[in-house]
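**Q** The residues making up each chain are set out below.
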Amino acid sequence: MRARVIGWTLGILILLILPPLVMKLGQPFYLDVVRRIMILAIAAVSLNLILGYGGLVSFGHAAYLGIGAYAVGILAFYGFTNGWLQWAVAIGASALVALGIGAVSIRTSGIYFIMITLAFTQMLYYLGISLEEFGGDDGMRIKVKSQFPGLVNLADPVAFYYLALVLMLISVYLVHRIVNSRFGMVLRATKSNEARSRAIGFSPYPYRLAAFVIAGAMCGLAGALYANHTSYITPGLMSWQQSGDIMFMVILGGMASIAGPVLGTFALLVVEELLKGWTQHWQVVLGPLLVMSVIFFRRGLAGIFYKPDA
Amino acid sequence: MSFALLFEQLLNGLQFGVTLFLMAAGLTLVFGIMNFINLAHGSLYMVGAYLTLAAAQWTGSYLAGVALGLAGTLVVGMLIEVVALRALYDRDHLDQVLATFGLILFFNELVAILWGRAAQFASVPSFLSGHIDLFTGSSYPLYRAVIIGVGLVVAVLLWYVVTRTRLGMLIRAGATNRTMVSALGINIRLLYTLVFGFGAALAGLAGLMAGPIYNVQPGMGELILIQVFVVIVIGGIGSIRGALVGSIIVGVVDTMGRAFLKPLLSTMITPTAGEAAGPALASILIYLLMAGVLTFRPQGLFPARGT
Chain R
-14 MRARVIGWTL GILILLILPP LVMKLGQPFY LDVVRRIMIL AIAAVSLNLI LGYGGLVSFG
46 HAAYLGIGAY AVGILAFYGF TNGWLQWAVA IGASALVALG IGAVSIRTSG IYFIMITLAF
106 TQMLYYLGIS LEEFGGDDGM RIKVKSQFPG LVNLADPVAF YYLALVLMLI SVYLVHRIVN
166 SRFGMVLRAT KSNEARSRAI GFSPYPYRLA AFVIAGAMCG LAGALYANHT SYITPGLMSW
226 QQSGDIMFMV ILGGMASIAG PVLGTFALLV VEELLKGWTQ HWQVVLGPLL VMSVIFFRRG
286 LAGIFYKPDA
Chain F
101 MSFALLFEQL LNGLQFGVTL FLMAAGLTLV FGIMNFINLA HGSLYMVGAY LTLAAAQWTG
161 SYLAGVALGL AGTLVVGMLI EVVALRALYD RDHLDQVLAT FGLILFFNEL VAILWGRAAQ
221 FASVPSFLSG HIDLFTGSSY PLYRAVIIGV GLVVAVLLWY VVTRTRLGML IRAGATNRTM
281 VSALGINIRL LYTLVFGFGA ALAGLAGLMA GPIYNVQPGM GELILIQVFV VIVIGGIGSI
341 RGALVGSIIV GVVDTMGRAF LKPLLSTMIT PTAGEAAGPA LASILIYLLM AGVLTFRPQG
401 LFPARGT
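Just so you know, the protein sequences line up as chains R and F, in that order. Taking our numbering, I'd label the letters of the first sequence as residues -14 to 295. Taking our numbering, I'd label the letters of the second sequence as residues 101 to 407.
Calculated from the structure, these hints are not laboratory results.
Computed far set for chain F versus chain R, every beta-carbon distance over 10 Å:
id, residue
1, 102
2, 160
3, 254
4, 293
5, 366
The following label-pair restraints were derived from C-beta to C-beta distances:
id, chain 1, residue 1, chain 2, residue 2, range
6, R, 284, F, 186, 19 to 25 Å
7, F, 191, R, 259, 26 to 32 Å
8, R, 73, F, 372, 29 to 35 Å
9, R, 167, F, 395, 27 to 33 Å
10, R, 255, F, 313, 39 to 45 Å
Small disclaimer: the values here were computed from a predicted structure and weren't measured. Cβ coordinates follow ideal geometry from the N, Cα and C atoms, glycine included.
Whole structure, please, built from the sequences with the hints as guidance.
**A** Rendered as structure tokens:
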């Protein structure tokens, strides 16, 4: 417990002092890197809710990243640049799509669930490609970032950085509260033993579906942030490689642990950046690294520090 | 829309379907027997296409290239099974998905290093280039007809091997009860490696035949892999019969959708609607089909026993 508090405090402190530090060193590029990591960490944290605690191996979580981003991009395209509106639509649309996908997918289980979530995300991916009006395959530039007048200016990299940090911490806290609530306990019970949870009167379906929708909505927020981060939307955000990446962040960090997905996102993306700086063929190194991490590193990074909660 | 055109597109669908079947058979065998989900199956398809291309250029003979390409894919498949995947058989599907996802990154980049990222040109060998006449009066490319023939022959052979030979008996026994088979003195590890290599070779065959029709480029395997997943989910994971039926359904539906949905929507609704919605709907048609099948039959059309 103590180690956990120290770890969190240290981590947050480092992230807090990073902007003045890199500005002083004249390397604002690193601010961008860390901001991207924190945004994707939100996606990983949301996936952990259903994958880690709910046992739902969704291979299509990138869908919500894409929907959140497209909501911002499309609204900006039509001149609606109000951030509250954009982000509310991003979250609402993601939740709605998650409800639709979840309602069908959660009826299946095991390998079928993996495949059907993958298939639904592929549909959205091809839909994104066919939207010629919004750039089709090439994607589309977002000319104006989400506007939060009087609150925060996203064009300021440092302000945006702190916003991403705050939202990441809120999402971590939210998932922490959810899994320790009554709802979360039922969700975890359906994962550890479906038959028993049925026997004591909890049908898993509505709990799983609700968690699926919450996770989708949270990932939609990450998508809205990501669209502002790159000022660009592309169907690639919904590609199955992106889904695989998010899954890897969760597993690498440690499933069903609160800090795991954040650690995993940092680890994966930092290694990726280092390899990218070293060779353009970084994937030829990353691939085997990932294979080895699955074979030898069974409980993820969080497992080094403490036992998973569940 | 004449009958001749319809028939030709039906043949194209069949050709795509048997290509899918060659992939699906290996994938579903490996799943049915080892309970292993292999995302890197698409990489083996790509490896088959590249190795054949390289071997054909090196030897100057298409048939020698095919033989070397098949043997090479078999070896690559057995190699990754022994080096990496064997350790994952008793893990859950999530670990298997992730590890083979890592392999995909590796193979795509390796191919890009060796041959570059640009698409390679694979030509149809001269003795397979002409056309054949159809009874409808139009002509059909010989090469595509040969693919259909090879696919159907492989399907029959596969049926024969699995249901009528000692090896097939071992395979089926291994799928039912692994411990019992090894207790009876069968080297189950070797059997698994063989099955995996065999599945790899089938994927390689699909890849090398698809080479001249689609592009040979890094990432080509993933395009078809996801469609193959749709096939085996529709057919029922682990069932070869399901893989065959699913392949033909998906191949024909996808091809027909791409060929006729746009004109169909244009005439039925408005030309602009067809123009806009036709291609989009065509590319998601098979996923809709899969969602539909799973809604009514969550285990697929031909559920394999024991899963």
